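*Asks:* Produce the entire structure from the sequences given, and follow the hints as far as they go.
Those sequence lines, one after another, are chains A and B. Those letters in the first sequence? Residues 179 to 439, per my numbering, in order. Those letters in the second sequence? Residues 27 to 534, per my numbering, in order.
In case anyone wonders, no lab produced these hints; they're calculated from the structure. Hints should not be assumed to be uniformly reliable.
[What the hints assert, rightly or not] Computed beta-carbon distance windows for the label pairs:
1) Thr163(B) - Ser326(A): 34 to 42 Å
2) Asn136(B) - Arg415(A): 48 to 56 Å
3) Ala344(A) - Lys96(B): 55 to 63 Å
4) Thr277(A) - Thr186(B): 55 to 63 Å
5) Ala181(B) - Leu248(A): 45 to 53 Å
[As the list claims (entries may be wrong)] A few chain B positions that, by computed beta-carbon distances, are all more than 12 Å from chain A:
6) Lys96
7) Val108
8) Pro118
9) Glu124
10) Asp170
11) Gly173
12) Arg229
13) Asp238
14) Thr287
15) Ala336
16) Glu371
17) Ala424
18) Gly432
Computed from a prediction, not measured in an experiment: that's the story for all the values here. We treat Cβ as the ideally placed atom computed from N, Cα and C, and that holds for glycine.
What follows is the residue order along each chain.
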Amino acid sequence: MNATALSSPTATPASGTDLLLWVAFPYICLAVFVVGHVWRYRQDQFGWTTHTSQLLEHRWLRWGSPLFHLGAFMVIAGHVVGLAVPASWTEAGGISEHTYHTTAVWAGSVAGVAMVTGLGMLCARRLLTRRIRLGTDRSDKVLFPLLSATVLLGISATAAHNVLGAGYDYRETISVWFRGIFTLQPRPEAITGAPLLFQLHALTACLLFAGWPFTRLVHVWSVPIGYLARPYLVYRRRATPAPAPTAGGRPRSTSGSRRAA
Amino acid sequence: MRVMAQVAMVMNLDKCIGCHTCSVTCKQTWTNRTGVEYAWFNNVETKPGVGYPRRYEDQEHWKGGWMLDKRGRLVLRSGGRVKRLLSLFSNPDLPSIEDYYEPVTYDYDNLVSAPAQKDMPVARPRSVLTGRPTAITWGANWEDGLGGAPEHAGADPNLTGAWADKVKFEFEQTFLFHLPRLCEHCLNPACVSACPSGAMYKRVEDGIVLVDQDRCRGWRMCVTACPYKKVYVNHATGKAEKCTFCFPRIEAGQPTVCSETCVGRLRYLGLLLYDADKVGEAAATANERDLLEAQRGVFLDPSDPGVIAAARESGIPEDWLEAARRSPVYDLVMRYKVALPLHPEYRTLPMVWYVPPLSPVLDSVDAAGGNQDDPDHVFAAVTRLRIPLEYLAELFTAGDTDVVAGVLMKLTALRSYMRERTLGEAGDEKVLKAVGLTAGEGQDLHRLLAVAKYADRYVVPAAHKEDAAALTAMENRCPVETSGEAEPRKVMLGIPTLRRHTTAGGRP
Chain A
179 MNATALSSPT
189 ATPASGTDLL
199 LWVAFPYICL
209 AVFVVGHVWR
219 YRQDQFGWTT
229 HTSQLLEHRW
239 LRWGSPLFHL
249 GAFMVIAGHV
259 VGLAVPASWT
269 EAGGISEHTY
279 HTTAVWAGSV
289 AGVAMVTGLG
299 MLCARRLLTR
309 RIRLGTDRSD
319 KVLFPLLSAT
329 VLLGISATAA
339 HNVLGAGYDY
349 RETISVWFRG
359 IFTLQPRPEA
369 ITGAPLLFQL
379 HALTACLLFA
389 GWPFTRLVHV
399 WSVPIGYLAR
409 PYLVYRRRAT
419 PAPAPTAGGR
429 PRSTSGSRRA
439 A
Chain B
27 MRVMAQVAMV
37 MNLDKCIGCH
47 TCSVTCKQTW
57 TNRTGVEYAW
67 FNNVETKPGV
77 GYPRRYEDQE
87 HWKGGWMLDK
97 RGRLVLRSGG
107 RVKRLLSLFS
117 NPDLPSIEDY
127 YEPVTYDYDN
137 LVSAPAQKDM
147 PVARPRSVLT
157 GRPTAITWGA
167 NWEDGLGGAP
177 EHAGADPNLT
187 GAWADKVKFE
197 FEQTFLFHLP
207 RLCEHCLNPA
217 CVSACPSGAM
227 YKRVEDGIVL
237 VDQDRCRGWR
247 MCVTACPYKK
257 VYVNHATGKA
267 EKCTFCFPRI
277 EAGQPTVCSE
287 TCVGRLRYLG
297 LLLYDADKVG
307 EAAATANERD
317 LLEAQRGVFL
327 DPSDPGVIAA
337 ARESGIPEDW
347 LEAARRSPVY
357 DLVMRYKVAL
367 PLHPEYRTLP
377 MVWYVPPLSP
387 VLDSVDAAGG
397 NQDDPDHVFA
407 AVTRLRIPLE
417 YLAELFTAGD
427 TDVVAGVLMK
437 LTALRSYMRE
447 RTLGEAGDEK
457 VLKAVGLTAG
467 EGQDLHRLLA
477 VAKYADRYVV
487 PAAHKEDAAA
497 LTAMENRCPV
507 ETSGEAEPRK
517 VMLGIPTLRR
527 HTTAGGRP
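*Replies:* Spelled out as structure tokens, the structure:
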């Protein structure tokens, strides 16, 4: 089954547009993702934050934020399994295609609905609460529509093809393309036959990854797991003797520049 | 023994006239910026009153500070580490802006730019958060001088005991005093312990508790954990900010801005040496009423040769040891024991202490037809008039009225003795002896409390030359500068968009 799936798309060689959309574009986005993060982490520790707005509005956030985040965790986990794990592996693990599909549709629907509901509430409060709307910065104005588009396209693709429709086996096509990106053996032809909704979902997702380092999404990398292990009290010395700064020169690194408030 | 030094503060509440100069100068120095319009690193509350933010002392509700669990272990009231991480998405115990107040500015521009008309132009209030006209319905000191107290002050969380029913807010029967509050720079800071990012820390050298702005990720757990609600969210930067104890000034050997500008000269700054190894044990003292003595037990006598040797070993410089020996804070907290911590039952071991006010008791003496100047009347009042005493005990000694009464007796005795001396009489040393003071100590304490010269109030040793290089790296910059101002940095991101065109140059 795997072999046929792999062989059939290769019959038609990828066009220039396909190469651009499914090879060049993802790689550019990934490059921006990586370089952007390095740059932001080194240059903008001060801006690296969740940018909480709970102080200004908490009633919608109380439900919207946990729904969105927990839904997102499940959705991400689902994507990791669906995209990164080949069907042959799950089958070797004794999970039949039918079992996998049923579980994926059910768990995915629950997670997707939670995430969409949560995101909807978060968007609603951002739009409807004037205090928050005024505090919305440029990166948010890019992030919220982009994230919403990606999530909505993703859930409509699933709904249209896998819940209501006949079922589309993305593991034999989209997943192959996805893994090809990371194994440096791009397989653009694997995704060209996918339904439009899936394709659009993949493209907006690429854009989302490209935008990631420049938005508040960076807080994802600051998940404070270390808190579970560190001692409660944190003492720090006031000043570790540093080399005297050159006249008029600002230190390159911003760390320690805004130490306290 | 691990000796650490802390720059600590004592406030003599009898001298506070509630002028808010400390709050205003603090605000002008630190929080006159977008995002912290509502934040007062220093504020002055009228007590009894609900405080700022509203009812912040109600820890059943706000979950601030520490408590002992069933097995007697010290835990944060807001829950353990796992629970804290689970509430990252929505912190159930975070005060909302309404619990502080909606910051406003005024249409000042209208006063000068309004066209000629029959009526005087007015400057209407405008919300800083929405830019729209708004009604001012609350503030950081809404009940100033008991204004509106009959309506609101009954909600003061300190008025919970059976005696509290008797607290009257009718003009003739009431009592009031002002309580200036800032970050307590605790020995066992709950905010630091609750910070998931590890961005908050206590400085080894001077005990100042700070937020590392580059490491704060905006998880907002510190706000909940602080029982005094003295950590604030900057809603423009998405990071936590708090009182810095004016560390750039302290490092230069100068008093904090609130102290420097205090009109009543009621603030004292000085070093306290403490044993960092005993902090956890003291904070976990079983009985809340023993916390005061437990905390005093953590402080070290700077004249003790053993302490001096251990302090030298910890790297505390000689001039700091000398300053610790001259510390007015040590005198008030340890030698004369007239200063008390605010809400020791929160178990954070706060380091801003208060000399409790005698004025509520004196008010009661007047109300009962007694003579304020007669120590017997005042002594009688201290022992019999329970209400102000219960209230003060609720604030400063976890409800133990004996300790507060002891301090008030001491102050009364001192007043009476010094009054006689000032009027040219010999002074009755028996009164002093009754409260455990000698004549010399009495005059010494009187000099410290009443004369209170600048050099006696503030004994702040400058930061050390060894650190000079690191300090000069800081000196050209405001430690809380917001990006995008003054000198443009090459970072376009994370810059809080200026919320709106500043209305008529108004500062909130």
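*Asks:* It remains to establish, for every hint, whether it holds in the given structure.
*Replies:* Results of checking the hints against the structure:
Checked against the hint of 34 to 42 Å, the pair Thr163(B) and Ser326(A) passes, with Cβ atoms roughly 36 Å apart. At roughly 52 Å, the beta carbons of Asn136(B) and Arg415(A) sit within the given window of 48 to 56 Å. One distance hint, 55 to 63 Å for the beta-carbon pair Ala344(A) and Lys96(B), holds here, with the actual separation near 58 Å. The hinted window of 55 to 63 Å between Thr277(A) and Thr186(B) holds, with their beta carbons roughly 59 Å apart.
The hinted range of 45 to 53 Å is not satisfied by Ala181(B) and Leu248(A), whose Cβ atoms lie roughly 36 Å apart. The Cβ of Lys96(B) lies farther than 12 Å from every Cβ of chain A, with a closest approach of about 19 Å, so its non-interface assignment holds. Here Val108(B) does not stay apart from chain A, with its beta-carbon only about 7 Å from theirs, under the 12 Å limit. With a least beta-carbon separation of about 7 Å from chain A, Pro118(B) fails to lie farther than 12 Å from that chain, contradicting its non-interface assignment.
Against chain A, the non-interface label of Glu124(B) is violated: not every CB pair exceeds 12 Å, the least being about 10 Å. Once the 12 Å rule is applied to beta carbons, Asp170(B) is consistent with being away from chain A; the minimum gap is 24 Å. Interface exclusion of Gly173(B) from chain A stands, the closest Cβ pair being 27 Å apart, more than 12 Å. Interface exclusion of Arg229(B) from chain A breaks down, the closest Cβ pair being 5 Å apart, not more than 12 Å.
Listed as a non-interface residue, Asp238(B) fails to keep its Cβ farther than 12 Å from every Cβ of chain A; the least gap is roughly 6 Å. Once the 12 Å rule is applied to beta carbons, Thr287(B) is consistent with being away from chain A; the minimum gap is 20 Å. Every Cβ of chain A is farther than 12 Å from the Cβ of Ala336(B); the closest lies at roughly 17 Å, confirming the non-interface assignment. Consistency note on Glu371(B): stated as away from chain A, and its beta-carbon is indeed over 12 Å from all of that chain's, at 19 Å minimum.
Every C-beta of chain A lies more than 12 Å from that of Ala424(B), the closest at about 22 Å, which supports listing it as non-interface. With a least beta-carbon separation of about 32 Å from chain A, Gly432(B) lies farther than 12 Å from that chain, consistent with its non-interface assignment.
Going through the hint list in order, the structure does not satisfy hints 5, 7, 8, 9, 12, 13.
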